[in-house]
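4 protein chains.
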Amino acid sequence: MKRIMKKAPMGWNSYDYYDTTVTEAEVRANAEFMAAHLKQAGWEYVVVDIEWYSRDAGTQREKYQYIPFGDIEMDGYGRLQPAVNRFPSSAGGRGFGPLAEYVHSLGLKFGIHIMRGIPREAAHRHLPIYGTGYFANEIADPSSICKWNPDMYGVRRGVPGAQEYYDSLIGMYADWGVDFIKCDDICNTNMYRDNPYSAAHEVEMLSCAIEKTGRDIVLSLSPGPALIDRAWHYEKYAHMWRITDDFWDRWDLLQDMFRRCELWQNHVGEGSYPDCDMLPLGKLSKGFGNERDTCLTKEEQKTMLTLWCVFGSPLMLGAELTKLDEETLSLLQKTEVLKLVANGYVGRQVKRDDCCAIWSCYHKDTGERYLALFNFRTDSYSMSWDLAEVEQFRGMCFDEMKPEEVWSGESAVIQGTVLTAQVPPHGVKFFKL
Amino acid sequence: MKRIMKKAPMGWNSYDYYDTTVTEAEVRANAEFMAAHLKQAGWEYVVVDIEWYSRDAGTQREKYQYIPFGDIEMDGYGRLQPAVNRFPSSAGGRGFGPLAEYVHSLGLKFGIHIMRGIPREAAHRHLPIYGTGYFANEIADPSSICKWNPDMYGVRRGVPGAQEYYDSLIGMYADWGVDFIKCDDICNTNMYRDNPYSAAHEVEMLSCAIEKTGRDIVLSLSPGPALIDRAWHYEKYAHMWRITDDFWDRWDLLQDMFRRCELWQNHVGEGSYPDCDMLPLGKLSKGFGNERDTCLTKEEQKTMLTLWCVFGSPLMLGAELTKLDEETLSLLQKTEVLKLVANGYVGRQVKRDDCCAIWSCYHKDTGERYLALFNFRTDSYSMSWDLAEVEQFRGMCFDEMKPEEVWSGESAVIQGTVLTAQVPPHGVKFFKL
Amino acid sequence: MKRIMKKAPMGWNSYDYYDTTVTEAEVRANAEFMAAHLKQAGWEYVVVDIEWYSRDAGTQREKYQYIPFGDIEMDGYGRLQPAVNRFPSSAGGRGFGPLAEYVHSLGLKFGIHIMRGIPREAAHRHLPIYGTGYFANEIADPSSICKWNPDMYGVRRGVPGAQEYYDSLIGMYADWGVDFIKCDDICNTNMYRDNPYSAAHEVEMLSCAIEKTGRDIVLSLSPGPALIDRAWHYEKYAHMWRITDDFWDRWDLLQDMFRRCELWQNHVGEGSYPDCDMLPLGKLSKGFGNERDTCLTKEEQKTMLTLWCVFGSPLMLGAELTKLDEETLSLLQKTEVLKLVANGYVGRQVKRDDCCAIWSCYHKDTGERYLALFNFRTDSYSMSWDLAEVEQFRGMCFDEMKPEEVWSGESAVIQGTVLTAQVPPHGVKFFKL
Amino acid sequence: MKRIMKKAPMGWNSYDYYDTTVTEAEVRANAEFMAAHLKQAGWEYVVVDIEWYSRDAGTQREKYQYIPFGDIEMDGYGRLQPAVNRFPSSAGGRGFGPLAEYVHSLGLKFGIHIMRGIPREAAHRHLPIYGTGYFANEIADPSSICKWNPDMYGVRRGVPGAQEYYDSLIGMYADWGVDFIKCDDICNTNMYRDNPYSAAHEVEMLSCAIEKTGRDIVLSLSPGPALIDRAWHYEKYAHMWRITDDFWDRWDLLQDMFRRCELWQNHVGEGSYPDCDMLPLGKLSKGFGNERDTCLTKEEQKTMLTLWCVFGSPLMLGAELTKLDEETLSLLQKTEVLKLVANGYVGRQVKRDDCCAIWSCYHKDTGERYLALFNFRTDSYSMSWDLAEVEQFRGMCFDEMKPEEVWSGESAVIQGTVLTAQVPPHGVKFFKL
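Chains as they are written, first to last, in the numbering used here: chain A, 1 to 433; chain B, 1 to 433; chain C, 1 to 433; chain D, 1 to 433.
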């Protein structure tokens with residue numbers, strides 16, 4: 001049985017800025033920044049994303065994001081290790097132990113990305129499974145691959161050695177001090193159109209292996225879109241699962257997230273967090289060979305943060321923290337908004353069309369209530385809504401209500417039970433009622 | 001905003017026995033039986049199913065279930081009326097008023113089936129919409145039809161006169177005293193493969209029209225399978241929606257219902273009841289020209305009832321009540337099982353494979369807890385489960401537990417926290433823990 | 001068994017200019033122009049397109065292209081008749097007889113458009129089938145409709161009266177002197193995604209009815225895209241079938257036609273002509289409320305004509321003939337190109353990519369050979385091809401070849417067996433070798 | 001440009017009897033039998049099917065048909081070689097040269113099966129491409145695999161070294177004396193549902209490599225079902241392509257082949273032979289661990305042979321020739337039927353429904369004509385057909401016709417132009433007219 005958390009995970013992930021290339025020094029610098037400037041606002045996880053085991057990651061950028069048949073760090077049991085040339089403290093077989101220890105010393109938590117399965121190279125080399133008489137070629141499924149990354153084969157269902165492999169892998173990570181595992185190519189195995197949740201058994205093996213460690217490890221599934229008809233399975237075995245393909249800093253993707261949140265709104269709960277993906281803020285894409293600023297306007301950034309929070313998504317920063325500007329930083333310290341990802345707050349879509357969306361949110365116990373007015377248009381838009389029509393507010397009284405717009409601190413215009421606000425292009429007005 | 005009920009609706013529906021042919025006398029007889037023998041166990045709705053407006057229903061059985069371009073009863077505003085030759089009390093424009101009154105006099109509630117949309121004949125005849133200057137041909141959508149029934153055209157989205165039509169229709173039904181509306185060709189408009197929820201706007205119009213009546217009317221959507229990605233919409237506007245095509249008395253359909261309940265288990269709540277369809281018991285199919293006994297064995301019947309109840313489905317009898325045998329009747333009076341469809345009980349699938357399924361259920365407030373062991377095999381099967389592994393029972397204590405099998409009253413075998421039972425072919429053992 | 005023609009049909013169709021609104025006078029004027037200016041180049045069919053039976057066609061343009069439940073001309077047997085207010089010579093039940101006679105008097109042939117099936121109104125009114133004891137409601141299939149036009153119901157498969165209805169309909173048309181029937185909503189019944197050739201039996205009934213008339217009537221099926229896996233069925237029963245949705249004067253549609261011709265290239269034969277749809281030239285769209293010039297450049301027009309001819313498509317002008325400019329007219333009189341739609345010429349795609357396409361064509365008996373170089377780019381492009389590599393020219397000798405560009409009469413540059421030409425943007429160079 | 005043959009290929013293939021396990025001695029024995037008993041009837045190709053390069057093929061039958069990460073014979077350039085333990089004459093790097101030479105010495109032709117692509121092991125080991133400076137890991141596409149066989153990676157499109165790899169491979173095979181290449185996982189790459197002809201570029205590379213050898217090599221593509229919309233591509237680059245999944249000795253598959261032949265009937269031509277797959281006759285399945293007799297009745301066998309011949313399919317025996325019984329052998333020597341697979345004969349379906357099918361066949365030059373009546377029912381069935389209604393016989397005269405049933409030599413009953421015959425269950429009556 002999976003562990004329950006008190007709120008959706010909040011943290012930083014290396015991918016949006018570093019792609020496959022992040023190094024130990026860079027992780028440490030971001031962790032230090034988080035401890036100094038963001039921890040107090042609730043941010044805590046520091047996550048090293050994809051291919052930290054690759055020695056030559058990023059060296060054939062013009063041809064490949066992920067070099068096929070590349071140069072990887074692996075122990076004698078088919079378990080991937082940090083590339084020592086990139087993570088020097090891992091020398092001598094210490095893996096991510098020293099780095100995790102450092103992150104913990106800052107009062108933060110440490111996470112890593114993995115691809116589901118076992119390295120193809122381990123299978124072709126017939127490596128043994130740790131602590132067993134089985135071999136990688138016996139548990140690797142040569143017909144189960146990832147569409148976009150060439151490193152792994154899936155692990156077969158129900159064959160001897162399979163659970164033992166995952167146990168040995170996750171046990172090693174737990175020994176290192178890992179607090180968060182983002183497993184990729186598993187939430188939607190998009191190569192397999194007829195069976196896009198083809199690795200459900202690997203989710204179960206991972207969940208079981210995590211439970212055996214006794215350690216409090218978050219299990220995050222990627223990539224999306226997650227399958228709504230398997231919601232019950234994600235909820236049973238994982239803590240968060242991506243409801244979208246990779247999200248980047250484009251308005252069309254942001255507007256589309258409203259559709260996705262509509263779909264998943266009834267599935268946010270204690271220890272279960274449908275995941276809108278990283279927040280692409282500040283500087284981005286250096287590892288992709290093209291360092292640049294986010295393309296989201298400040299209004300769009302507030303729209304994004306408000307939606308993620310009112311919906312209850314995990315919040316993972318996709319940014320180089322050490323290069324954050326003051327204005328972005330102030331958004332990320334807005335605890336009046338960020339607190340909504342805690343259990344107890346329930347968000348619901350009130351309305352959505354091509355022009356706008358409205359979300360409500362209330363707290364089960366405290367009775368706090370919020371209303372967010374989102375404007376999809378490219379011009380400023382006067383929006384009104386009758387609070388008495390909001391299902392979540394059924395039976396509540398709106399007399400003497402003095403709504404405050406949370407981001408700005410301004411007061412709202414209200415007539416009878418109708419709230420009206422002028423919402424900027426692609427922006428939001430977010431009211432505490 | 002839809003009304004909330006205290007439990008999933010329970011009642012009787014004319015379809016499984018009468019198809020399109022039920023008459024007033026037959027409805028009355030079934031209602032009287034319900035009042036005398038079933039009301040006490042919680043059964044209350046008496047529902048007249050499809051084509052009560054057809055004067056010639058059933059007369060071309062060898063060619064059609066639904067006669068195309070047939071002889072229908074309709075008022076001057078395109079509103080279908082009961083066929084007077086079948087429902088004599090409706091003469092003089094009184095509609096179902098007298099019949100509803102009679103059902104109410106027995107302490108029961110009265111329901112009817114409708115097809116979404118407006119009669120094709122009304123559109124071809126350019127009939128006026130009641131109380132407006134609009135006409136049927138202006139609101140009927142000639143490209144929106146039902147795949148299997150020829151009577152209606154869908155109503156267009158957002159055209160003047162459309163909501164007014166539904167208001168006049170539902171208002172008339174409310175005046176008659178209707179308590180339950182089963183609307184068909186709306187939950188899954190299966191003709192439209194690219195858009196199987198193509199009549200979502202008609203659901204909204206119906207919900208709005210019902211609210212305007214001020215009457216407590218259940219809105220039931222048919223046929224299934226409902227679309228899991230539109231769960232939030234059903235939940236917002238309707239009380240029950242079919243999660244399956246027509247269910248009949250076949251084991252394969254019954255076993256398949258476990259898959260459907262798995263899918264929808266997290267969607268049962270206050271006023272929201274995913275619907276497993278009618279219970280085909282006792283005598284069936286006279287209206288189809290072939291009166292016969294249900295093909296479900298007694299064990300299968302208990303399996304069916306236990307699943308519907310532990311899941312939380314509405315319970316609608318598909319049987320000729322006046323011909324029920326004693327043994328079937330006793331199942332339908334088993335309040336220890338039937339009570340589980342009330343709000344507060346939460347059912348969850350524990351396990352499902354090709355051989356068996358296990359469901360747990362507990363009450364949020366009382367702490368009652370149940371475990372159902374279902375055997376899919378054609379032989380008797382010894383099933384065991386560790387109660388400590390059941391997620392719903394997390395943190396509960398199993399010391400001194402004395403489980404009782406609810407259907408039989410027998411005591412269970414238990415060792416440590418492991419419950420073991422011998423389950424008959426296609427049968428269930430249902431324990432109160 | 002269908003009749004065989006000597007070449008793909010060539011003619012004029014009223015749709016692109018008039019939509020549903022063409023009148024007798026307008027048809028006559030176009031026919032007169034064809035006789036005077038185009039007949040000599042091989043153009044012969046004059047076709048009245050959709051809803052000639054509608055008295056109010058075009059009067060609710062802002063809401064509908066096809067008015068639902070509109071005002072139609074129909075005889076007592078459910079057979080549609082020309083609207084007398086638009087086709088005065090049809091008064092007195094003479095149908096299209098007088099108009100056909102006039103077209104014939106010009107040395108041309110006369111065609112009409114029909115929708116498959118029987119008028120919905122005939123079914124709802126229970127009209128008799130001519131010469132039988134059956135009724136429209138018995139042969140109409142209320143679940144078989146057209147997605148985009150509200151006039152008809154499909155005719156059932158294998159019921160008494162069905163073939164008789166088509167016989168009476170086509171017999172009447174033959175009596176009128178109809179030479180060409182374009183039947184719509186039949187080649188791809190796009191409402192029925194799971195069965196887009198759902199009216200195959202109506203094609204067979206039409207073919208049979210035509211054969212019974214003893215008259216030489218072309219059967220043209222619409223709309224596309226035709227289904228390549230039903231190629232054998234179209235070839236057996238019809239003369240031409242649309243391989244595309246409606247084609248209009250847009251480059252993207254024109255470029256896409258190359259993909260469609262690739263697909264169908266092996267299916268052009270004697271009496272079997274996959275149809276690229278009308279040629280939208282000169283003035284267009286008056287009936288749609290927006291008279292305008294074609295958007296195709298002169299180079300694109302030559303590309304279009306060359307592709308249609310080298311592929312072997314029927315050629316139907318979608319233009320107001322009386323308003324044709326001299327330059328367009330000269331393209332339509334280019335018999336050196338138009339002659340390729342005759343039987344005996346075999347066209348094949350040599351190459352196609354995102355930048356260009358190459359087609360070859362040769363005559364089975366005369367040995368004539370052609371090569372067309374098409375440029376998809378928006379700039380002028382130097383294209384070369386080795387004639388020895390063209391499969392169709394296998395074994396031919398290219399010594400002393402003096403290729404001539406057909407449209408311009410210019411000579412080509414050739415080196416060894418390599419032909420080179422500078423092709424204008426979206427243009428073609430078409431060589432006789 | 002591909003070579004043209006005079007008829008569809010006829011031969012023997014090791015798969016149906018030996019699966020992956022055939023040895024040199026077994027191939028020789030079958031070749032000798034063919035030379036002695038079948039050559040005269042037109043049979044000539046001897047084809048070694050899948051995994052002749054595997055040293056341990058068949059040793060883990062209970063777990064795998066194709067052992068993943070198994071023990072394969074490969075040269076230093078990633079080119080698979082015959083396993084010496086199974087094909088002793090291949091020792092010393094002579095490959096299939098000696099075996100091909102022996103087959104040729106019998107007056108027969110020699111063929112092999114290959115999987116498209118390059119061995120996974122070659123890519124993981126970074127082996128060089130013969131005669132180039134490129135390496136296997138540069139041309140192998142790790143995301144292009146076979147769903148059911150774990151041996152290969154697809155070769156990338158348009159990368160340096162790719163064509164060179166295929167040239168070196170096919171060149172080596174040509175040097176060995178190979179006359180026939182059956183390439184698998186290429187006609188329908190069924191793993192890739194969105195793009196089932198994903199290896200079209202490998203077909204082109206193979207065709208090009210074959211042409212470069214100057215040798216007359218048949219290119220056969222597998223598995224099916226081939227994609228009808230890519231018919232033109234198969235026809236341009238290959239000689240035969242499978243129109244079905246693996247065909248086995250089951251009536252349902254045989255009846256389904258009529259549907260497939262209907263679909264492909266217009267695509268049989270000179271050098272282009274849609275392939276109905278092997279003929280599972282005599283003894284089968286020893287290599288699958290279960291030697292048995294074919295399940296097809298003698299009538300079904302005649303039905304199969306007649307359909308394959310009248311349609312014009314390649315004929316490849318799937319049988320242990322040395323164990324053929326006399327009766328089966330006599331069917332395989334029936335040249336009056338077998339000759340129909342030669343160019344010049346044109347077969348067409350006349351009719352098909354759930355009970356029966358009728359095919360006609362005539363020769364373009366000689367005017368020979370045939371009619372086959374197939375009975376799908378499980379009882380004997382009297383079938384009649386009017387020869388004047390057969391499109392292929394249009395204009396022919398049937399006076400004084402004395403039809404002979406080809407298999408039996410009996411005369412047919414005929415009245416006017418109507419041919420009548422009593423056809424046995426699942427059987428055929430095949431008339432020469």
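These are calculated hints, taken from the structure and not from any lab test. Be aware that a few hints might be false.
Which copy? The list can't say, so a pair holds if one copy fits it or any two copies do.
Derived DMTMM-like pairs: lysine to aspartate or glutamate, alpha-carbon spacing no greater than 25 Å straight-line [said to hold, decoys possible]:
(1) K351 with E73
(2) K351 with D229
(3) K286 with E32
(4) K351 with D194
(5) K147 with D194
(6) K334 with E391
(7) K236 with E391
Taking the hints in turn, this is what the structure says about them:
In this assembly of identical chains, the alpha carbons of K351 and E73 never lie at most 25 Å apart, being 50 Å within a copy and 39 Å across copies at closest. Proximity of K351 to D229 under the C-alpha cut-off of 25 Å is found in both arrangements, the shortest distances being 23 Å within a copy and 17 Å between copies. Taking identical chains as interchangeable, the C-alpha atoms of K286 and E32 lie at most 25 Å apart only when both belong to the same chain, with a minimum of 20 Å there against 68 Å between chains. Taking the shortest Cα distances, K351 and D194 sit within 25 Å of each other only across copies (23 Å), while inside one copy they are farther apart (33 Å).
For the homomeric pair K147 and D194, the shortest alpha-carbon distances inside one copy (14 Å) and between copies (13 Å) are both at most 25 Å. Within a single copy, K334 and E391 get their C-alpha atoms no closer than 27 Å, and across copies no closer than 36 Å, so neither meets the 25 Å cut-off. Taking the shortest Cα distances, K236 and E391 sit within 25 Å of each other only across copies (9 Å), while inside one copy they are farther apart (28 Å).
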